[in-house]
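Trainee: Protein sequences appear in the order of chains P and W. Numbering follows UniProt numbering, with no gaps: position 126 of the first sequence is 126. Numbering follows UniProt numbering, with no gaps: position 235 of the second sequence is 235.
Worth flagging that the hints you see were computed from the coordinates, not collected in a lab.
In the DMTMM-like style, the derived pairs of lysine to aspartate or glutamate whose C-alpha atoms are separated by at most 20 Å in a straight line are:
1. W/K39 with P/E75
2. W/K47 with W/D3
3. W/K39 with P/D3
4. W/K47 with W/D15
5. P/K39 with W/D3
6. P/K39 with W/E75
7. P/K260 with P/E285
8. P/K260 with P/D125
9. P/K39 with W/E268
10. W/K260 with W/E155
11. P/K260 with P/E201
12. W/K39 with P/E268
13. W/K260 with W/D152
14. W/K260 with W/E201
For clarity, every value in this text was computed on a predicted model and none was experimentally measured.
2 protein chains.
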Amino acid sequence: MMDRYHLRYFLAVVDHGNFSRAAAHCNVAQPTLSVGIAKLESALGTKLFVRTNQRVELTVAGARFLNYARRIEGEFNAAQRAMAQTAPAALFRVGVLGSIPGALIARAVAASLAVDPSLRIEIVDGSERELSAHVARGRVDCAVTLIDRGSDRFEEELLFEEGYALALWADHPRAAEAVVQGEDLAADTMIVRRHCEALGETSRHFTERGVRPRFSYRSTNDERVLALVAARLGITIMPDCFEAPGVARPRLSGFTLRRKIGVAYTLESHASGVSTHPFLQTLREMAPALNV
Amino acid sequence: MMDRYHLRYFLAVVDHGNFSRAAAHCNVAQPTLSVGIAKLESALGTKLFVRTNQRVELTVAGARFLNYARRIEGEFNAAQRAMAQTAPAALFRVGVLGSIPGALIARAVAASLAVDPSLRIEIVDGSERELSAHVARGRVDCAVTLIDRGSDRFEEELLFEEGYALALWADHPRAAEAVVQGEDLAADTMIVRRHCEALGETSRHFTERGVRPRFSYRSTNDERVLALVAARLGITIMPDCFEAPGVARPRLSGFTLRRKIGVAYTLESHASGVSTHPFLQTLREMAPALNV
DNA sequence: GTCCATCATAGATTTTATCTATGCTGTTGG
DNA sequence: CCAACAGCATAGATAAAATCTATGATGGAC
Numbered sequence: 001m002m003d004r005y006h007l008r009y010f011l012a013v014v015d016h017g018n019f020s021r022a023a024a025h026c027n028v029a030q031p032t033l034s035v036g037i038a039k040l041e042s043a044l045g046t047k048l049f050v051r052t053n054q055r056v057e058l059t060v061a062g063a064r065f066l067n068y069a070r071r072i073e074g075e076f077n078a079a080q081r082a083m084a085q086t087a088p089a090a091l092f093r094v095g096v097l098g099s100i101p102g103a104l105i106a107r108a109v110a111a112s113l114a115v116d117p118s119l120r121i122e123i124v125d126g127s128e129r130e131l132s133a134h135v136a137r138g139r140v141d142c143a144v145t146l147i148d149r150g151s152d153r154f155e156e157e158l159l160f161e162e163g164y165a166l167a168l169w170a171d172h173p174r175a176a177e178a179v180v181q182g183e184d185l186a187a188d189t190m191i192v193r194r195h196c197e198a199l200g201e202t203s204r205h206f207t208e209r210g211v212r213p214r215f216s217y218r219s220t221n222d223e224r225v226l227a228l229v230a231a232r233l234g235i236t237i238m239p240d241c242f243e244a245p246g247v248a249r250p251r252l253s254g255f256t257l258r259r260k261i262g263v264a265y266t267l268e269s270h271a272s273g274v275s276t277h278p279f280l281q282t283l284r285e286m287a288p289a290l291n292v
Numbered sequence: 001m002m003d004r005y006h007l008r009y010f011l012a013v014v015d016h017g018n019f020s021r022a023a024a025h026c027n028v029a030q031p032t033l034s035v036g037i038a039k040l041e042s043a044l045g046t047k048l049f050v051r052t053n054q055r056v057e058l059t060v061a062g063a064r065f066l067n068y069a070r071r072i073e074g075e076f077n078a079a080q081r082a083m084a085q086t087a088p089a090a091l092f093r094v095g096v097l098g099s100i101p102g103a104l105i106a107r108a109v110a111a112s113l114a115v116d117p118s119l120r121i122e123i124v125d126g127s128e129r130e131l132s133a134h135v136a137r138g139r140v141d142c143a144v145t146l147i148d149r150g151s152d153r154f155e156e157e158l159l160f161e162e163g164y165a166l167a168l169w170a171d172h173p174r175a176a177e178a179v180v181q182g183e184d185l186a187a188d189t190m191i192v193r194r195h196c197e198a199l200g201e202t203s204r205h206f207t208e209r210g211v212r213p214r215f216s217y218r219s220t221n222d223e224r225v226l227a228l229v230a231a232r233l234g235i236t237i238m239p240d241c242f243e244a245p246g247v248a249r250p251r252l253s254g255f256t257l258r259r260k261i262g263v264a265y266t267l268e269s270h271a272s273g274v275s276t277h278p279f280l281q282t283l284r285e286m287a288p289a290l291n292v
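Please build the complete structure, drawing on both the sequences and the hints.
Mentor: In structure tokens form, the structure reads like this:
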């Protein structure tokens, strides 16, 4: 039975000229799109594309079907838009990267609720990978996550850019310095932030300098990590935007990795005006202060 | 994400005025349709129906959506039809009830292939229940099965109507009689045709007459059953249309159950002209001879 | 009151879209 | 001419979703 997603796959192939790019644009894997088109062709009883491995081109039947497909997909969108006007108080669902301070998000939520108490906001956190999946499948309206990672699957908007720095307890021997040499930390015990995107880079950094750190704690909970740093259990490396009383944040010499945090949307959700949501407006106001 | 089947459910509810009938018309269970409509409403962000337990009626938003829904579903069908014209040599898939003689179907296949050797026909057999599911899900274009069973889920066409009769080996003491009394078979061993729709009725018939038969064989394979009847392993009851050398078919007195065999289509497949297929034409020509 | 018709909900089941991994086939660059 | 590559297809496993059965809730009819 011909179904809506078949039309989307078909149109994507027409618009992008090959299956692979079309798949990326639909946020699915290439084989998925491949069997999707095959299903459509079988439902219609006609081949729609001639596959050469240089490019795909429409058959005569495919060209004829294109008219219908465009019209139908257009009507779906028109219906959706028309209904959206009547729709009351939409729930705003946003995914947030686990390695972004909860306090930051909490402030943004509080501020936007202060603007409009009737807002309904839902936060879900996860890894970069999980968030991509959520955005792609429409389980969230957008995600606050790492951006500029080369896969142009989503519409992206930069919020802030930052580096990474050490987290030491306030009276650690090196706490007062602006920049610390990795070699000077050979005797320290480290805490592993298991979900951190910089994990690989960090261990490489120390290995290259002949430092083989011991580990006292592994966690995905950054708030707890900060508390334990303050409690002198160990030191760690984390993005600049983290801060806590009793924790100093000197730079680690030669550690130049940076990350860009921004908002990722699907094309549709971006087009449907999600990006003007007060929560995101608030985040945009807060963001410049976090650039380092 | 709004999908095509949502539209079909929605339109069915509008056209039939309540969820239960709409579900029957869509060949799905009532809860399925219930959650389907709920999904659609959530996708659109608006309630589409006001549910009273007397009837459902459209909300304002629902009435507005109706225009889009009808147009889109219409376009889907138009596209399907338009493409079907180009489509080459369609495969004809037909489900056949297990308790219909294979020889009958084989004759029909042979005859229609004689008319047009380019025909591509695919036969699948199964129980009445299985065939319903196949028709409903579009896995077959139609099914040759029991009809007139009260559930007007499908378009039905009567082929022939018949009763049930005994199957005895040719020189069985009662083989020459036209009608046999159940009581006279008390000493006989019976074969159970496990897939037979008359199974319950048969055992009730004997129980009511104080006959408690012994069983020598249970099978779903009627050809083998007939061979074993001829081989004097046991006797059985089967629809009139079965025949084999060495097997006599006297009536069983008081056993009045009858069955109607016909073709069941979905509305769409019927509309798309499946019923004019040579295979079905052949069956129609053969059918009158089978009325008993 | 009980019965009946209607829709909603919950949990299990089945189906199906999707993914990962891999194969195949031309094309390109060395 | 061969290796690397880019592009689509296939297979098996996985995950998601639609669907089913069974049951509950509600209101009208008798």
